[in-house]
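Chemist: Sequence:
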Amino acid sequence: MSKQPCHVVHLLYRFAAGGLENVLVQLVNGLPRERFRHTIVALTEADASFASRIQRSDVEIISLHKQPGQPFRLYPKMYRLLRQLRPDVLHTCNIAALEFMPVAALAGVPRRIHAEHGWDIADPDGSNRRYRLLRRIYKPFVHAWIAVSTQLHNYLHTAIDVPSGRLHLIANGVDTTRFRPRHDAEPIPHDFPFTRPGHYVIGSVGRLEPIKNPLLLVEAFIRLAALPEHASVRLAIVGDGPLRDQILLRMQQAGFADRLWLPGSRADIAEILRNFDCFVLPSLAEGTSCTLQEAMASGLTILATDVGGNAVLLEQGRLGQLVPSADVAAMQLALSSLCSATETGVKGLQARELVVRQYGLDTMLQRYAHLFSGV
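Take 5 as the starting number for the sequence shown in my numbering and just add one per residue.
Hints listed in this document are in silico derivations from the structure and should not be mistaken for laboratory results.
As the structure is a prediction and not an experimental result, all values here were calculated from the model.
By construction, the Cβ of each residue, glycine as well, lies at the ideal position given by its N, Cα and C atoms.
Just so you know, not all the hints are guaranteed correct.
Stated by the list, open to error - Between beta-carbon pairs, the in silico distance windows are:
(1) D249 to P167: 21 to 29 Å
(2) D129 to R186: 34 to 42 Å
(3) I192 to S168: 32 to 40 Å
(4) P167 to P232: 37 to 45 Å
(5) Q74 to V360: 40 to 48 Å
(6) W265 to D310: 22 to 30 Å
(7) P80 to Q354: 49 to 57 Å
(8) R322 to Q370: 22 to 30 Å
(9) R322 to I192: 26 to 34 Å
As the list claims (entries may be wrong) - Mimicking DSBU-like on lysine-lysine, the simulated pairs with C-alpha atoms at most 30 Å apart in a straight line are:
(10) K70 to K7
(11) K70 to K143
(12) K81 to K70
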């Protein structure tokens with residue numbers, strides 16, 4: 005009798021466009037079908053357009069429609085669901101999902117794995133005492149912990165006291181075939197509004213939420229665009245979220261709305277990245293940023309805030325510029341320098357070489373496969 009595939013239930017707060025969610029799509033699509041099957045459970049909602057990125061027809065996606073507040077009312081429902089699904093592995097992502105680990109233990113889930121992908125605006129640096137206490141309380145119910153960056157690994161080991169034998173550093177992976185440098189005469193996305201090489205396109209990709217701090221980039225761009233020598237600069241911010249209207253309003257107030265492209269959430273990120281001249285990551289906090297890795301794999305010039313795992317990815321500034329978080333003047337000055345540079349592309353190619361060597365998608369998939377299998 006053939007062995008049944010390992011059934012992994014992935015539990016997360018919301019299944020919609022984002023770095024963590026993109027990692028789940030990579031896992032579901034990339035892990036061997038004969039060895040693993042998957043169910044995705046979103047505590048709140050699952051976005052249908054984002055869910056269409058799943059390439060397997062046997063994946064069930066369940067939304068629990070959790071309301072704001074404590075999760076206790078969902079415990080009985082989660083217990084019944086896990087008893088029904090009978091997973092071999094429960095894979096939770098970030099602290100909202102971690103709170104259901106005791107329920108999983110009670111439901112008899114034999115292997116329980118928790119991944120930390122980064123912090124949110126309520127705890128941008130991991131110092132929140134309540135969240136630290138919660139992680140310590142739920143720690144006995146977790147068999148293995150995953151950290152996606154060195155900073156998160158050190159935090160879990162030192163602040164949460166996770167034993168080294170149960171702690172795994174697995175950086176996010178990149179499909180370096182899909183994310184690659186631009187070829188000559190390559191077509192641009194059909195609705196991309198800027199011209200090449202007439203415009204210098206500064207781009208960013210991410211959720212339009214406070215923790216991602218897109219308004220820092222907007223303010224720096226406004227200062228830059230006001231300078232006559234930078235009349236050709238344009239700004240593209242790809243993503244969606246609650247700050248979208250504020251971004252558009254601020255650019256309108258500054259008189260630069262015609263220099264902004266705000267297309268919302270997109271599935272053709274690889275093609276869009278290849279039409280940027282410079283990629284900017286203005287976040288207040290990060291784990292290992294998927295979009296930063298993808299921009300590096302695309303050979304772009306990089307500017308990022310010096311938070312989380314960004315400095316490690318960029319080798320402390322060797323592969324891209326780092327600026328202090330929330331410093332508009334520093335970001336504007338760095339952007340001005342990049343726009344005026346006569347020699348570009350060398351750091352971008354070196355950054356791509358690093359991603360190919362250390363952050364390939366196959367490496368990440370292999371490590372998750374071992375962990376899910378209990379190896």
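Chemist: Return the numbers of the hints above that this structure violates; sort them in rising order.
Modeler: 1, 3, 4, 10
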